[in-house]
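S.K.: The chain contents come next:
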Amino acid sequence: MSDMNRPDPQLERSVSAWLEDLPDRVPDDLADGALTRSRAVAQRPTWLARWHQGEGFWGGQPLAAAAAVTAAVAIIVAVVGISIWRTGPDTGANANAPSTIPLEADATALGSGFGSLWVGDKSAHLVRINPADGSVEATIELDGVPCGPIAPASTSLWLATCGVGGTTTKAKTTRVDPATNSIVTVYDDGAGDGFGASAMNGLVWFISNVDGGQITAVDALTGEHVRDLTVDSPIHHLTAGFGSLWVNPIGRPAVLRIDPETGETLAEIRLSGDSGYLTTSADSIWVAEPHQWLVARIDPTTDRVAAELMAAPGADHIALAPNGRVWALTDDQLFAFDPAGNQEVDRLAVPSHRAFDDIATHVLALDEDRVWFADGSSLERLRPDD
Amino acid sequence: MILSDGVVRYPLGVLPAEGVGGVAVTRDDLVSRARSGDHDAFDVIARSVTARLYAIALRILRDVHLAEDAVQDSLVDAWRDLRALRDPALFDGWVTRILVRNCYRSAKRDRSTRRIAVPAAEPTADVSGQVAERERIEQAFGRLTPDHRVVVVLRYYLGWEPAEISDSLGIAPGTVRSRLHYGLEALRAVLEADARA
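Chains as they are written, first to last, in this note's numbering: chain A, 1 to 386; chain B, 1001 to 1197.
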């Protein structure tokens, strides 16, 4: 083990020289594309621009900020007071559901299932939380930091864990029994860092080797290994539905439809841009296209894109609500789409979040009628009635 | 720069810092004009920084398409938030920070990027040992997480000091040093292992 502060000028020179020598011919139309886009964008007012650039609304001017906060609090108190006076207190099912639940450590993953919220955190814990009152029902120690979605499939909860700092070389897939709040199986193949586990026909499927394009099927009840499939491409997201597996090939703007018996590619559905998370709804496969700011809906009866819905930069994490709506989390907004009309039906501002910082990439969960969002060391309930 | 009907136009891709038609226009003037909503001025500035931004993005993301996206997104962000920039002289650093943040997000969002190599450097008159070493660095660098790649590029390509990196990324200075240390250690480990083989 070398000294923490030991300089190595030769290595530093080698790295600098290598970085300097990398070819980087600029595409001819790169600036044109950006400038065409920017011409269509209005400049933000100064205060909003500074807020977006992390300076806060008032650009570090404390007196102005204090005055604004005081005024805002007064207005909020007045509005809330009038609202309660006019409508009476909330006595519905969500009356006691907390709007914020503090966490012991920063969240890196969030999921819902079996009546609970499940939070993976940087301390390598999986915390089971009762969404009705925010109480911690169980804390399960993991041997890695959750680094992907936490997905219920069949009778178990499934999640991917990574090494400290999000190193995927030590990624594993873990199966948790919600009846006993304990780890049942760890599938330690050293490459299980694909996103998504999905149940179909008595089997649970997950990506067990991203680079090798390997998908593993285990018995949904016993967890025993059933078969491995190999796709002729590195893959990184998976969902199951309509008798097939659906995966994203790395490096190609497409979704592949895979035969779950043979691993054969049944169809390649081309998208406008690189694909992100996948999920299955009653009649469609949904896929995020984060670099195109889109969420695409694939019709499994035709193996074609039925619609591409405009979201916002970074539209990546998508989740399906019990009422059929599809939610997409972007850098600063949360969109809801109605599959029936292929249109946006709701949009919420998301607090300045760290969802895409560090290894926290999957921090949206839909629990019954509530939308939950993990923002660092707290869970925020964004909407009680969708 | 052409003045006509009170509208300012600049030749695309040309910085008229030396002045045109007897009117001296500095880079800071252009930034100030862009900040006031003059998109033509922004055109000139944006084109002048595109190559540098692309070089940085390509080294961090190691994927030409993601690098293009990051640069385009950053220029759009820069235009949209330009009024946040207080001092026009700081434009280059400011837009670089926007790019780095976008690269950081992009790399986090798509971990596949670590597996996609940029084209290898053209062989030159380099001796074979140096070529082999660069290939090993290339492989080792590709194995670093985005966290580590970002700080290594900022430190050893842009030459930023740890405090500057800390400020730009919004992470603690100790974290920067730790990531630099880890990144170099990982590179060193691969090189030493290969040397022993």
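Possibly wrong hints are sitting among the right ones.
What the hints assert, rightly or not - Reference excerpt, derived from the structure (chain A facing chain B, CB under 10 Å, subset only):
hint, residue
1, Pro-23
2, Gln-43
3, Ala-199
4, Met-200
5, Asn-201
6, Leu-203
7, Leu-221
8, Gly-223
9, Glu-224
10, Arg-227
11, Ala-254
12, Arg-297
13, Pro-300
What the hints assert, rightly or not - Label pairs and their computed distance ranges (CB to CB):
hint, chain 1, residue 1, chain 2, residue 2, range
14, A, Asp-143, B, Thr-1175, 22 to 32 Å
15, A, Gly-341, B, Asp-1087, 17 to 27 Å
16, A, Glu-264, B, Glu-1161, 33 to 43 Å
Keep in mind the hints are simulated off the structure, nothing from the lab.
Using N, Cα and C, we set each Cβ at its ideal position, and we do this for glycine too.
S.K.: So, for every hint listed, does it hold in this structure?
M.R.: Here's how the hints hold up against the structure:
1. Pro-23: holds, 6 Å
2. Gln-43: Since the shortest Cβ distance to chain B is 6 Å, the answer is holds.
3. Ala-199: violated, 24 Å
4. Met-200: violated, 24 Å
5. Asn-201: Nearest chain B Cβ about 28 Å off; hint violated.
6. Leu-203: violated, 25 Å
7. Leu-221: It is violated, given that the least Cβ distance between Leu-221(A) and chain B is near 31 Å, above 10 Å.
8. Gly-223: violated, 26 Å
9. Glu-224: violated, 29 Å
10. Arg-227: violated, 25 Å
11. Ala-254: The hint is violated - Ala-254(A) has no Cβ within 10 Å of chain B, the shortest such distance being about 13 Å.
12. Arg-297: This hint is violated: Arg-297(A) lies away from chain B, its Cβ roughly 21 Å from the closest one there, beyond 10 Å.
13. Pro-300: violated, 24 Å
14. Asp-143(A) to Thr-1175(B): 22 to 32 Å: Since the Cβ atoms of Asp-143(A) and Thr-1175(B) sit about 24 Å apart, the hinted range of 22 to 32 Å holds.
15. Gly-341(A) to Asp-1087(B): 17 to 27 Å: violated, 48 Å
16. Glu-264(A) to Glu-1161(B): 33 to 43 Å: violated, 54 Å
Of the hints listed earlier, those the structure fails to meet are numbers 3, 4, 5, 6, 7, 8, 9, 10, 11, 12, 13, 15, 16, in rising order.
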